[in-house]
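> Taken in order, these protein sequences are the chains called P and F.
Under the UniProt record's numbering, think of the first position of the first sequence as 1, with each following residue one higher.
Under the UniProt record's numbering, think of the first position of the second sequence as 1, with each following residue one higher.
Hint data in this document are derived by calculation from the structure and do not stem from the laboratory.
Using N, Cα and C, we set each Cβ at its ideal position, and we do this for glycine too.
Among the clues, some could well be false.
[As the list claims (entries may be wrong)] Pair by pair, the computed Cβ-Cβ distance ranges are:
hint, chain 1, residue 1, chain 2, residue 2, range
1, P, T61, F, V77, 51 to 61 Å
2, P, D461, F, V152, 52 to 62 Å
3, F, D155, P, F159, 20 to 30 Å
4, P, T94, F, Y149, 23 to 33 Å
5, F, Y52, P, G106, 49 to 59 Å
6, F, V77, P, A137, 49 to 59 Å
7, P, D117, F, V152, 22 to 32 Å
8, F, G114, P, S111, 34 to 44 Å
9, P, G106, F, N72, 55 to 65 Å
10, F, V152, P, S111, 20 to 30 Å
11, P, S284, F, D155, 36 to 46 Å
12, F, V121, P, F159, 57 to 67 Å
13, F, V77, P, V49, 45 to 55 Å
[To be verified] Partial pick of chain P residues on the chain F-facing surface, computed with a CB cut under 10 Å:
hint, residue
14, A18
15, G21
16, I24
17, S26
18, L30
19, V51
20, T87
21, E143
22, F146
23, E151
24, M205
25, W386
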Amino acid sequence: MQATRRYWEMAALAGFLATFGVAIDSSVFLLGGVAAAAWLLAAQYRFYVGVRDVRSSLDVTLSPLRTQVGAEEPFSVRLTASASLSTPCSVTITPDSPVGIDDPDGWPAVSLTPDSDSATHVGTFRAPIAGEFSFDAPDVRVEDDFGLFTESFTQGGGFDIRVEPRASDKLFVGKGGMEISAGFGEHESGQRGPGVGAADLREYMPGDDISRIDWKATARLNKPHIREHDVETTREVGLIVDERSSMWDGPAGRRKIDFVREVALAFANSAATMSDPLGLYTVSEDDVQSVRASQAADVQYATIRSLFSAVGGSAMTTRSGGDDSRLSVPERANDLRTSLDGDSSVYARTLRPYFQTMHPYVEKVESSPFFTATRRVIADRSENLWLVFFTDDTHREELLESAKFASNRGVQLLVFVAPTTFFESESTPEQSYDAYLDFESFRKRLDRLTNVSAMELSPKDKRETLLRGSQPVRNRQGGNR
Amino acid sequence: MSDESDTAGRPPSRSWVVVALAGVLLIGLTTWPSVGFLTVPLVGGILAAMWYLPLPYALSTAVVVAVVAVGNDASSVQAVGVTLGLATLVGAASLREGTFDGRTVAGYLALTAGVCVAVVVALAAASFEAVAFGTTLGLALAAYGLHRYELVALDLLPDS
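Isolated chain F (complex conformation) (with noise of 0.2 Å):
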């Protein structure tokens, strides 16, 4: 039985164990078309990165080990399944650390999701710089209209 004000602020301490399950399953059926069994020391040697390198080093290695077992050539619903199975093990690791709750986790997802989706379809309309450039931009716009919203919300301007 677990204490009540424990699962209040933190998430039930196995529930980490089926999101990375989750993210392994994920990373392990986009990579299978390419690598065939490569997948398993693929999957190991990101676990292991997630499992001693800080958040999000552990995420940059780990994309990088996965284009190079996937290649250059991998079509759009495999970058998007690799990446979103890399991010699912992002945040397996973030609950298993306790600095991010379920709900976070789940907004962390569906917005690395919903970004991928959107560069996807773009990538299919305009040039490869044009939609790296707006997403970069939609995603700083995005950090710092969260921090003025901050400032505002919490009444954290200070006094002209």
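Just chain P, with the same shape it has in the complex (with noise of 0.2 Å):
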């Protein structure tokens, strides 16, 4: 239990009494003091035995009327509470909404009193974004009527809520200009044997499975027969996803790692519906983290899903703020360090030694954190790995090697890039539009690679602002060819 204020006046009353009992010698002073304090104490106890009351009869129950939403779509969460009261106290009890999920309407606190011992509140909650949430129990807090004493603690259950990404009308996913609603789907082997679809039926030949014959249509064509199926394959799904600080450029709600994570979160629930087996590996600026191995449970499904609601939820703002991390791109720093060669000014000066000790392309790419996930993904990999990447267009000669070594592997490979130009807030439109053309030819370059294809992911809004603010540009370019 928490003392109040009031407690502590009250306290320090007693202790005045019996002090000043003291100081003059009087024994009802300190006796005075005495009878006090005890009241103080039975007050104590009186709270004591209305907060083991509350424990032992209070009944909460937190559920949502409904256990699976789609973001920003507002959803209502029923509280029911109960207890008998036998002391004159009060209850509050107080749903806690998790991080990442909005009480537009502020949830009043639901009070129970000796003359009022039940109550019920429907509110409403919002989620901005996808992912996997938890309501924890609803915090209870019992005071006393005399404002002395407080005591909070949970009981109740909770719940977990999921909010499934909303077919987004913000985001652009297409390679081209051609948008396409789905990059992924029913996956078909293209190979006949035992299954559960049927598919065909072909004459017994020697040495095939006599459990295999369909005997209704032996008996009907009177030779025996076999019935094919359509053989159903797992494919393997390898998912990388970049997170570090140039993925959190944009608006919060428009960041880059806010539209990789529907995307993503897509294909994981996507492959939940195939029981395709899934993992994930998520790239910071270090290291290759939470790595996932590829196993098709449903508590792997769930662990994934959690794992991007968490990359959302996440307080991270910091970001590589105004460098220009293309210049970690060796070839753009060769351009600079030869540059700099003819230049005596003091800035060439400071400069110049930085790109001496350059370490060598290959053994820069090779160390990098993106390489190395995927390195490890195709190691680990099992027959039929589909490779998805998640990243931007920041670290370019990281990702074209990245998507080289899995092609030169036979790894299928789906690349989702997000340009950097759209999350950019204070380039001009002449600028923009440069960039994403820079941006649409590298995309075209990883696209041609054998077995990649390369994705373009971005709100769709900018998009189109940009393509359709862009046409006087054009022109001007156009005539000055």
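Each of the two chains sits in its own frame; use the hints to bring them together as a complex.
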């Protein structure tokens, strides 16, 4: 129990009576202090009895009216509480909404008193981002009538709610201006054999398993026949999600990582529906983190979904700032070093030593976390691996080398790349358009690799605005040529 | 006829009057030898304080009034009697407000009586300062012990 300020005031009063009794040698004052302190002790015991009653009799239920909702869709939660309170105290119950869930109406505290011992409230919440969220058990606060003590604890149970990504109208996924509605779906093996879906009948051949004979067809056709079925395979899906600082560009809720998460969650859900083994590798600044083995288990899907929800719920706001991380690309760094060669200014003299100690290109790429993740996934791969990258165009050489590495090893690779230009606020339309052209040529370069399909992942409205606004720029560029 | 649920949670409405009368009687009997008929306005003033002031500010005011009336050299019996009388009035006020039930009031009076007797006995053998210090320490430890007991008994300790 927590003592309130009023309790300490009264305790001080009792102490003052006793101290004053000592000062003037008065036993009545001392015993008066004893009586006051004993009264506080009795009030404390009474409060203990009250809290004990609440703990034993309070029945709290917090439940959603639906367990699966869409992002940005309001959902209702019902809180029901009842208790038999024998002591005069007030009980307030408040649900604790998790980070990432908005409470637009402001949930009022549900109160119980000895006169009103049950209450129900239905409140509305909203999740702006997709993911899996856990509502903890509601907070219960007990306060005595004197205002001397309070006690807080959680009681009852919480619940999990899954917020599905919306079929977003603000998300563009496509290549070369062609938008796709779904980049994944049912995968067929193209083979025949034992399975579930009936495909064809064929005559029995020596060596076929007798148990595969279709007896009805055999009776009908007078010769033993075997019914072939479509062979259903599982395709292992390996997701590599870039979580480095450049992925956090953009305003809250419209960062690269927010768009990436929507698509990645759709992949996770799709894999769960198809019972495909699913692995998630997240790439941070220094290392590959949160590595999950590829296992087709419900707990695996749940873990990966919760990892995605943690990605967006993080309060990470720092980024590489104004530093142009494209300087890390050796080709560009080499260009800059060359341009500094004939320069004798202080600026050039300061920068030159950094370029002289530059690591060799291959060593640099191979030690990069994204490449490491790619190598690790492919090393652990099964026969039928589908590798999916979620990243941006900041670390282009690294991405290109990783894609080449996968391509050379015959791995089917799908790359989702977010163009940085759509997440920058300080560039002019001309600069943005040029940057987008640069991005598009890079995407095409990726897309031309064998077994590689590169998709643009960008905010639809910004993309449309840029392309619509770029008409005069294109005309001007055309006129100059 | 009183409602059964009401009697289970709260004492009968007139029980506090009986307790208050016992307190008045106790204060009157113990202060009569010192102040005589002045006992009547003394008890009236204490009752007014109990009625209007929040507890235990009323108790503190009543203690000051009682000390002024009986003087600083009251005997041990008088001191214990006055204190128990005041505690009984506080108990009656708690019953009237419905914040304590009869059992808690009885426990409060028993605790007060026990500590008062212990203090008086200890004063015969130890100095005033030592007894005051020991009493304060004992009551503070009791309060802290109850706090810890509550945490353990009701499983309110935070997970570490």
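> Take the hints in turn and mark each one as holding or not.
Okay, the hints, checked on the actual structure:
no. : hint                           : verdict
1   : T61(P) to V77(F): 51 to 61 Å   : 59 Å, holds
2   : D461(P) to V152(F): 52 to 62 Å : 58 Å, holds
3   : D155(F) to F159(P): 20 to 30 Å : 22 Å, holds
4   : T94(P) to Y149(F): 23 to 33 Å  : 27 Å, holds
5   : Y52(F) to G106(P): 49 to 59 Å  : 39 Å, violated
6   : V77(F) to A137(P): 49 to 59 Å  : 56 Å, holds
7   : D117(P) to V152(F): 22 to 32 Å : 27 Å, holds
8   : G114(F) to S111(P): 34 to 44 Å : 38 Å, holds
9   : G106(P) to N72(F): 55 to 65 Å  : 59 Å, holds
10  : V152(F) to S111(P): 20 to 30 Å : 28 Å, holds
11  : S284(P) to D155(F): 36 to 46 Å : 39 Å, holds
12  : V121(F) to F159(P): 57 to 67 Å : 60 Å, holds
13  : V77(F) to V49(P): 45 to 55 Å   : 34 Å, violated
14  : A18                            : 5 Å, holds
15  : G21                            : 7 Å, holds
16  : I24                            : 6 Å, holds
17  : S26                            : 5 Å, holds
18  : L30                            : 6 Å, holds
19  : V51                            : 6 Å, holds
20  : T87                            : 8 Å, holds
21  : E143                           : 13 Å, violated
22  : F146                           : 6 Å, holds
23  : E151                           : 7 Å, holds
24  : M205                           : 66 Å, violated
25  : W386                           : 42 Å, violated
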